[in-house]
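Q: Protein chains in written order, with my numbering: chain A, 90 to 466; chain B, 867 to 964; chain C, 48 to 514.
Derived by calculation from the structure, the hints in this document are not laboratory data.
Small disclaimer: the values here were computed from a predicted structure and weren't measured.
Not one of these hints is a red herring.
Cβ-to-Cβ under 10 Å is the rule here; a few derived chain C residues that face chain A:
id, residue
1, 452
2, 493
3, 500
Some residues of chain C that are not near chain B, with every Cβ distance over 12 Å (derived):
id, residue
4, 113
5, 124
6, 125
7, 143
8, 230
9, 242
10, 250
11, 254
12, 264
13, 323
14, 338
15, 379
16, 392
17, 420
Sample of chain C residues facing chain B (criterion: CB under 7 Å; computed from the structure):
id, residue
18, 85
19, 92
20, 101
21, 179
22, 183
23, 186
24, 190
25, 195
26, 196
27, 280
28, 281
29, 461
30, 462
Here a beta-carbon is modelled for each residue, glycine too, at the ideal position from N, C-alpha and C.
In case you want the letters, here they are:
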Amino acid sequence: MSRPDRHEFDVAVIGGGLVGAAVAWGLARAGERVVVLDEGDVAFRASRGNFALVWVQGKGLGLPEYAAWSKGSSDLWADLADLLREQTGLDVAFRRPGGFHLCLSEREVENRAHMLARLHNQPAMVKYEYAMLDRARLKAMLPPVGPEVAGASYCPLDGHVNSLRLLRALHAGMQQLAAAYLADHVVERIDHLDGGFRLTTRHAEVQAGKVVLAAGNGNARLGPMVGLDVPVRPQRGQIIVTEKVAPFLDHPVVTVRQTDEGSVMIGDSVEEAGWDTTVGAGVVSAMAERAVRMFPQLGRLNVVRTWAALRVMTPDGFPIYQQSVSCPGAFVATCHSGVTLAANHALVLAPLIARGDLPAEQYGVFSARRFDVPATA
Amino acid sequence: MFRRLPDANAAMIAVTIDGRAAQVRAGDTVAAALLSAGILASRAADVSGAPRAPYCMMGVCFECLVTVDGVGNRQGCLVPVAAGMRIETQHGRREAGR
Amino acid sequence: MTDLRETYDVAVIGAGPAGMAAATVCVRAGLATVLFDEQASPGGQIYRAVTTSPVKRGTVLGADYWVGGEVAQEFLASGAHYVPGATVWNLTREREIGISVAGAAHLLRAERVIVATGALERPFPIPGWTLPGVMTAGAGQILLKSAGLVPDGRTVLAGCGPLLWLIAWQYLNAGARIDAILDTGANRAGAWRHAPPFMLSPYLLKGLRLLLAVRRRVPVIANVVDLRAEGHDRVEAVAFRTAGGAEQQLAVDNLFMHQGVVPNVNLAMAAGIEHRWDDGQLCWRPVVDAEGTTAIAGIAIAGDGAGIAGAEAAQAYGLLAGHAAVRALRPGARGLAPEAAVRARLKRTLRGRAFLDAYYRPAEPFRRPARDTLACRCEEVTAGQIIDTVALGCTGPNQMKAFLRCGMGPCQGRLCGLTVTELIAQARGVAPQEVGYYRLRPPVKPITLAELAALPKNEAALRSVAR
Chain A
90 MSRPDRHEFD VAVIGGGLVG AAVAWGLARA GERVVVLDEG DVAFRASRGN
140 FALVWVQGKG LGLPEYAAWS KGSSDLWADL ADLLREQTGL DVAFRRPGGF
190 HLCLSEREVE NRAHMLARLH NQPAMVKYEY AMLDRARLKA MLPPVGPEVA
240 GASYCPLDGH VNSLRLLRAL HAGMQQLAAA YLADHVVERI DHLDGGFRLT
290 TRHAEVQAGK VVLAAGNGNA RLGPMVGLDV PVRPQRGQII VTEKVAPFLD
340 HPVVTVRQTD EGSVMIGDSV EEAGWDTTVG AGVVSAMAER AVRMFPQLGR
390 LNVVRTWAAL RVMTPDGFPI YQQSVSCPGA FVATCHSGVT LAANHALVLA
440 PLIARGDLPA EQYGVFSARR FDVPATA
Chain B
867 MFRRLPDANA AMIAVTIDGR AAQVRAGDTV AAALLSAGIL ASRAADVSGA
917 PRAPYCMMGV CFECLVTVDG VGNRQGCLVP VAAGMRIETQ HGRREAGR
Chain C
48 MTDLRETYDV AVIGAGPAGM AAATVCVRAG LATVLFDEQA SPGGQIYRAV
98 TTSPVKRGTV LGADYWVGGE VAQEFLASGA HYVPGATVWN LTREREIGIS
148 VAGAAHLLRA ERVIVATGAL ERPFPIPGWT LPGVMTAGAG QILLKSAGLV
198 PDGRTVLAGC GPLLWLIAWQ YLNAGARIDA ILDTGANRAG AWRHAPPFML
248 SPYLLKGLRL LLAVRRRVPV IANVVDLRAE GHDRVEAVAF RTAGGAEQQL
298 AVDNLFMHQG VVPNVNLAMA AGIEHRWDDG QLCWRPVVDA EGTTAIAGIA
348 IAGDGAGIAG AEAAQAYGLL AGHAAVRALR PGARGLAPEA AVRARLKRTL
398 RGRAFLDAYY RPAEPFRRPA RDTLACRCEE VTAGQIIDTV ALGCTGPNQM
448 KAFLRCGMGP CQGRLCGLTV TELIAQARGV APQEVGYYRL RPPVKPITLA
498 ELAALPKNEA ALRSVAR
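Isolated chain A (complex conformation) (with noise of 0.2 Å):
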């Protein structure tokens, strides 16, 4: 790995997680030629701490399209999981078995059969399937649940990946493809130039053609440089991991889920937190009560880890994809759901980005400017 001090690219990706890594992968594929600015071994990373979902279920209240974009990357992830192997010889077990939302009350289940329908009335919404499952139901399609278990969400549609390895065979597949990548280069500065721009970093300058903010949460820092609004903040989600054990739940729950190494998956708390990822014994014995009364069988097996890792997290926790005005070429893209979208970021953002321009027909709703307050409010 080499350490150059002046460059010429297409497009720099700041930020290797899992949207960078995606976006830097895509762009690589469709022939551009990439430099990756990562941070160094310990940084804030939400792609290390993610519960590894590929999910649609329940997503869109209030953006309709994200539940098109959201069921859209569903339907093209087969294709990323299946373009991966062939490249990187690294299979990512994505799985599409369906999944459930567990709820531990008959209150649980009014509220989700609620918002699941307010959810899918909205106009404009993509059509999918999905049900409310009573008990007796629930229990004959995942016989493991325990007797607490009310009730259930379930959409086909739903599934899950080793999220892990997903960001491993992202970053050999874009070295295959060329790309550059250089760890503990945090970007201090970007400057718009004429055709391009200039990022500094501690150890190196680099200029690239295009610019592409991924760096999750330090998007907020790095936005203005190139006129964009990135209003972001970090959100505490904490996880638990146990022992490997025999498979015994092949559907994921979207707090509980069997990864394909074996070990469980327990998720995940929602807190503001600000930027602490210390792990907290309250909400970590909350998030195993809630899993041992939807799995009472869980509640023998070992916790061998647990993390808190910070979301990044929008005002409504919708994406945004953006070109700046003020700096064409600046690209924005930012997510709480990088496994999801990855297969999108991918093989369909990733293309746009190398063509210089997001349709505002399809992207425009995804715009940060969809926060700025109204003069007349």
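Could you slot chains B and C onto chain A? The hints should help.
A: Quick look at chains B and C alone, frame taken from chain A:
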């Protein structure tokens, strides 16, 4: 493998090892008791299934995992034997619920 | 555990010499003191089973071991609340401690916490080290001390370090058979510049007597540069090569390996205590002052967990850490042992450590093994795979862990972490300090979901998971 020093005698207690009756020395840990009974490999490795046996005897290597009284993945070197204990070596992955 | 309180003045973690000394001092000064230890009886590892050992003949284990019995008796009689069989799975900056005892988890708090979790064996990765029948020398010693078991059949010891010679001597005293010692020590010439203080230390005579006694009765093969454990389902032979020599093989039933001990850092690191790479001891050591005080208010580290110095030094450091806790919580307390004498004894004890560290420095091929050697036993990741992630852009163990799962197993890096840091450092051409270590978090030892689920939760915690 291992033999007991002649003056290290103590009361013997009855347990079962993989369903068979066995006498083990009171005060031994489960891992020591298995070694003393001539059982070396107590489990199979998670990834490859290769046989594994105790390595550190002090609770840091996690190789000595055995099922004790129906509960899987107990560190044998940290569990003292008790009368009537059911000790089982582990083959394949632990089952959720066991 | 009905008599466990929710708060204590002092919580000591670990019942080795440092922990026992610290707890004894604190409780005698009138502080409400609790000591948690994972084992069923006190002594830690160095004095393992000292109150229960079936090996009654004093000459087998040696006088240095039985000294631990006095320390343990004093501790047991001191009145400290002693909780054996307790796993400590968490320690926060706010000094909240998570323990698990008798199948139930508890949270409690202390004004002062003294972490005395001691050391563990340095990883010794060689091809075949996961074969049944390959154990650490420490494991052999534990089986001897706690169960009166000695190896039967063809037995070889391999590696370097004082403990290797000690266990050989103890085995011979017990009448066990040792077929050979394969000495992997190298580059000894450089150690002699540290010799003068060592010559004046108590180690010299003790060490020499032991070494000579062993060498009289066991063939010692020096300058071993290559080691492999071979066998199908268990170890059947050890293959080795000496510097400039041809490959040889010895049939074995038991292979004991040892190349020194290193601090057991998991709890201290998970608590957020800064550690730095020590190139003399080739391990991570916490940043502490002379009394074990860390940068986290109220948390101190005493004993080998702060740097390998042996049992006597651990006891002295435990006493000093205990004194510091007493002075903080009972400023006017009297009756503390005069520190000048303790510090003088400590100084004498530490004399010669530099020589031992240099003389027994583990050799490079056994710290950074060949590509096809397993580095991570839990997830079965080889040294070659780790080195290759550096080419993929990983600059440290955490990104590498994300790519390979190395370090994600139940041992939480205790058996692979040092190997990984050194492999990545070499591949990158930088110092280990720059590479860093795994980011460790609770639980530092496994705890069941049911136990976790039963812990108290406040409103904020419940809200954060509500759906």
